[in-house]
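With chain F held as given, fit chains H, E and P onto it using these hints.
Protein chains: 4
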Amino acid sequence: MKINRYVDISTIERDAKKDYIDRHSPFVHCEDKATLGDPFKVSVKMGNEYTHPDDFDHFIAYVQLWNGEFMLGQASFAPGTLGNKPGHAQVDFYVVPNKDLKLTAMAFCTKHGLWQSDEIMVTVN
Amino acid sequence: MKINRYVDISTIERDAKKDYIDRHSPFVHCEDKATLGDPFKVSVKMGNEYTHPDDFDHFIAYVQLWNGEFMLGQASFAPGTLGNKPGHAQVDFYVVPNKDLKLTAMAFCTKHGLWQSDEIMVTVN
Amino acid sequence: MKINRYVDISTIERDAKKDYIDRHSPFVHCEDKATLGDPFKVSVKMGNEYTHPDDFDHFIAYVQLWNGEFMLGQASFAPGTLGNKPGHAQVDFYVVPNKDLKLTAMAFCTKHGLWQSDEIMVTVN
Amino acid sequence: MKINRYVDISTIERDAKKDYIDRHSPFVHCEDKATLGDPFKVSVKMGNEYTHPDDFDHFIAYVQLWNGEFMLGQASFAPGTLGNKPGHAQVDFYVVPNKDLKLTAMAFCTKHGLWQSDEIMVTVN
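Chains as they are written, first to last, in the numbering used here: chain F, 1 to 125; chain H, 1001 to 1125; chain E, 2001 to 2125; chain P, 3001 to 3125.
Since the hints were made in silico from the structure, they are not lab data. None of the values given here were measured: they were computed from a predicted structure. Hints may contain errors.
Using 27 Å as the maximum straight-line C-alpha spacing, the simulated DSS-like pairs for lysine-lysine come out as follows [said to hold, decoys possible]:
no., chain 1, residue 1, chain 2, residue 2
1, H, K1002, E, K2045
2, P, K3045, E, K2102
3, P, K3102, F, K111
4, E, K2033, P, K3033
5, E, K2085, F, K85
6, P, K3033, E, K2045
7, P, K3033, E, K2041
8, P, K3002, F, K102
9, H, K1045, F, K41
10, F, K2, P, K3085
11, F, K102, H, K1085
12, H, K1045, E, K2045
13, F, K33, H, K1045
14, F, K85, H, K1041
15, E, K2085, P, K3033
16, H, K1002, E, K2033
17, F, K45, H, K1045
18, H, K1102, E, K2002
19, E, K2033, P, K3045
So that you can see chain F by itself, here it is in the shape it has in the complex (with noise of 0.2 Å):
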């Protein structure tokens, strides 16, 4: 199976190919440091500037959230979740870390498949 991975859109020349790499792609956006034990709130967001449909036939379905090889998270979706409109679908886990993270995200359309983020490492003290 293959699994799409986030490419700098600034180094593709057509355009047509940034918005599909860009509002395929899932984001980590968090701090760079958390504290052990407390709450620790990351974002999942599919694309930086480019919205995704949320139509019937062409929706993310899931997002989820790794830890190294351990899954944090899942968030499903039904369509119309953000109103049948293009959106960057967005969800919020707060993790309590015991050490360092290493995370990443996963996303899945359902017309265009699975893709991965950039791995984000996280300082835990």
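Chains H, E and P in isolation, oriented as in the chain F frame:
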């Protein structure tokens, strides 16, 4: 199947029962007004005062956010998301309303079953 | 939140209502006796006589199998699993019982909400 | 994120490693021919020879069935579905193919991460 409902814990006499009810109840937290077509943040959070365990044999396996009879999203967790420490499991959803919202949350504890929040009404303009 | 319950459709007069009830109801199919510690097949299947659509805007998004207050498993689908044709969505679980079972199924239709099956008792020896 | 792949265990010398690989690998079991538009049973089963634990801190949290880049279904489990005994976690899906299938399964172990099966081709007439 039994669906447990939140009961105002100020009406409960026994402390152990307050704790039990509160930490198993999901609560919907959001503004009471939203803007048509704009992303609207809705948090589902377990417990107001008491924290739920995140033990291997006793954890919150999922929370769901519903708008009337429609499920907007489900967030699933494996034990350990909260670092195996008691805590308020929480997830923020961002929905795009196209009319007034009638929000409820459901949560499933692997030891104590399914719990439903009170209903929250949101006016959408 | 409303949970719709199966009603014996032989007691319903109007044909359109029989269809509506039957195709939205999950049914638990299994033997009535199981062997302690052995895998025991339990099917959850939508509808006995009528088939549910698998349209993009109208499909069975998940079914769950419960033993009393404990959820044994949840199967989630994207639209298209049934080839976008009406059909009886079905999933077989294999549980290993350690005492008598009290099985119910839940199913969520993206247009018509949450439905609960009748309860099935299984003796375990 | 690392996705572990099945390796033919007859090529592995060390017994402990055979066990580790086999019990963590999902396998797709189905006929090699299907009929266009008819429900087609596909089993996803963990391990051929060795059984995976169903311990609270070590269990199969979900299996997924994919057709190429499209996810047909995901079955999620809480620990205890297999009676807290080692076993072959299994789920049967019934898909309705509209063209040839290229099936893979994914499985997530809460201790040892994500595993992918070999690909199974199904001719559809």
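Hint check:
For the given pair, H:K1002 sits about 21 Å from E:K2045 by alpha-carbon distance, which is consistent with the 27 Å threshold. Simply put, P:K3045 and E:K2102 have alpha-carbon atoms about 25 Å apart, close enough for the 27 Å limit, and the pair holds. Distance check on the hinted pair: P:K3102 and F:K111 sit about 16 Å apart at the alpha-carbon level, within 27 Å; holds. About 34 Å separates the Cα atoms of E:K2033 and P:K3033, which puts this hinted pair outside 27 Å; it is violated.
For the suggested pair E:K2085 and F:K85, the alpha carbons sit about 26 Å apart, so the restraint of at most 27 Å is met. Of the pairs offered as hints, the one joining P:K3033 and E:K2045 holds, with about 23 Å between alpha carbons and a cut-off of 27 Å not exceeded. For the given pair, P:K3033 sits about 24 Å from E:K2041 by alpha-carbon distance, which is consistent with the 27 Å threshold. For a cut-off of 27 Å, the pair hint linking P:K3002 to F:K102 stands: about 12 Å separates their Cα positions.
Of the pairs offered as hints, the one joining H:K1045 and F:K41 holds, with about 13 Å between alpha carbons and a cut-off of 27 Å not exceeded. With a CA separation close to 34 Å, the supplied pair F:K2 and P:K3085 exceeds the 27 Å bound. Among the hinted pairs, F:K102 with H:K1085 is consistent with the structure: their alpha-carbon atoms are about 20 Å apart, no more than 27 Å. Using a Cα cut-off of 27 Å, the hinted pair H:K1045 and E:K2045 is violated, with the two alpha carbons roughly 33 Å apart.
A hinted pair counts as satisfied when its Cα atoms are at most 27 Å apart, and F:K33 with H:K1045 qualifies at roughly 23 Å. Proximity of F:K85 to H:K1041 is assessed by CA-CA distance (about 16 Å); at most 27 Å being required, the pair is judged to hold. A C-alpha spacing of about 19 Å is found between E:K2085 and P:K3033, which places the hinted pair at or below 27 Å, so the restraint holds. Our distance criterion of 27 Å between C-alpha atoms is met by H:K1002 and E:K2033, whose separation comes to about 24 Å.
For the hint linking F:K45 to H:K1045, the alpha-carbon distance of about 20 Å falls within 27 Å, and the restraint holds. Distance check on the hinted pair: H:K1102 and E:K2002 sit about 12 Å apart at the alpha-carbon level, within 27 Å; holds. Pair hint E:K2033 plus P:K3045 holds up; C-alpha atoms about 23 Å apart against a cutoff of 27 Å.
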